[in-house]
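Peer 1: From first to last, the protein sequence lines are chains A and B. Per the working numbering, the first sequence starts with residue 505, numbered consecutively. Per the working numbering, the second sequence starts with residue 505, numbered consecutively.
To be clear, the hints were calculated from the coordinates, so they are not data collected in a lab. Only true hints are included.
Copies of the same chain look alike in the list, so a pair counts if it works inside one copy or between any two.
In silico SDA-like links for lysine to any residue, alpha-carbon gap of 25 Å or less:
#, residue 1, residue 2
1, Lys691, Asp663
2, Lys691, Pro662
3, Lys734, Val514
4, Lys522, Pro552
5, Lys734, Cys652
6, Lys734, Val714
7, Lys691, Leu661
8, Lys734, Ala719
The structure presented is a predicted model; accordingly, all values stated were derived computationally and were not measured.
There are 2 protein chains.
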Amino acid sequence: MKIGVFGTGVVGQVLAGKLDSLGHQVVLGTRDVKQSLSREGHDGIGRPPLKDWLAAHPKVKLATFAEAAAHGSLLVNATSGSGALHALKLAGEDHLNGKVMLDISNPLDFSQGFPPSLSVSNTDSLGEQIQRAFPQLKVVKGLNTLTCFLMVAPRTLPDTHHIFLCGNDAGAKGEVRTLLSSFGWAKEEMIDLGDITNARGTEQLLPIWVRLYGAMQNPMFNFKVVVVPKQV
Amino acid sequence: MKIGVFGTGVVGQVLAGKLDSLGHQVVLGTRDVKQSLSREGHDGIGRPPLKDWLAAHPKVKLATFAEAAAHGSLLVNATSGSGALHALKLAGEDHLNGKVMLDISNPLDFSQGFPPSLSVSNTDSLGEQIQRAFPQLKVVKGLNTLTCFLMVAPRTLPDTHHIFLCGNDAGAKGEVRTLLSSFGWAKEEMIDLGDITNARGTEQLLPIWVRLYGAMQNPMFNFKVVVVPKQV
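Put together the whole structure using the sequences plus the hints.
Peer 2: Structure, rendered in structure tokens:
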């Protein structure tokens, strides 16, 4: 499948790498290709520059947001939350309309340091802002509640665990489910919360996620919803 | 132990009932004793009136917030979030100072129906508001992320699962841990997130909790944090 991934940070790289390894034709979208390629040195978490990652993944192409959007029949938003709406504007509504987009971004605000707060929350969400800005894009919020290394390798954890999907289009959620199944997610691990307003729930999981990360000094965890079966 | 429980709703009743069954001397605090006793009929979730519950728990006494606070060497705040600060003002700072209070309340705002939003969130929390209003009260936020029926019977779930404690006083958190151990919580199931600002994390878990409840039509669930052991 032709897939456009927005964002060249660690989340974009890990998602694009996994999709590439599964045989998809992946274009990684960025604001300024030349600038992205010119970055030297390691990033804040010790990862090598993007050009080295691209050299190791020769089938993945780097292009503008607009080119990545035009290429993809399926889109993945892996930009930082603060840059998401601007990136999608640069992608261009004409390239987005009618397509399915898995939105992984979270509206994290690091302006006061760690742990971050949210730049939108409670009675609105970034998922809803994106859906309102691009009404004909089929936004599916998902995968935004765990580290990218587990998004693409869920079986790394020694137990069942869960992710949460929401969006207004049932068909779009079905396409995302199929994709995530190919990453190793079991059907019953993907909980459908309903329409896109439920992104308020999943984005507000981040404040405890970042605190658990801080307390455990380990991002390799996820939530399992443990249930008592209903008595009939 | 002498324990004062604020709030006569389902959370207060279930907590008070459990504490009573464990042999503690429990006083249940309310704003207006006469009014609380005069309530007839079943509440919104089909529970009988408070006076029937009290008749079934003859050792638990109903009293004012101030009397419950004066009685308790340990306090439990099980009021609705919207009423919490007012209830504690009625309890009286002199009766609170120096004591440990387990704060279970959540700032749920049902004014727009279900699912509720939060009346305080993101850059503040109800736990912090309470701690600021009563600086000499030792607030421990905890148990606010699951249904009360599981708070007092954690082994009902068929797996390990977790709760999150936060507060500024290490000794107070230790007292709460001891109490919760007596409910059946294992040591490693009680995750200490640090100081009271971390209530922002646990209170913002409610937006997804209420949505999971809505999606599953079953409140008998909790979160388990599944971790990949750190490589040494």
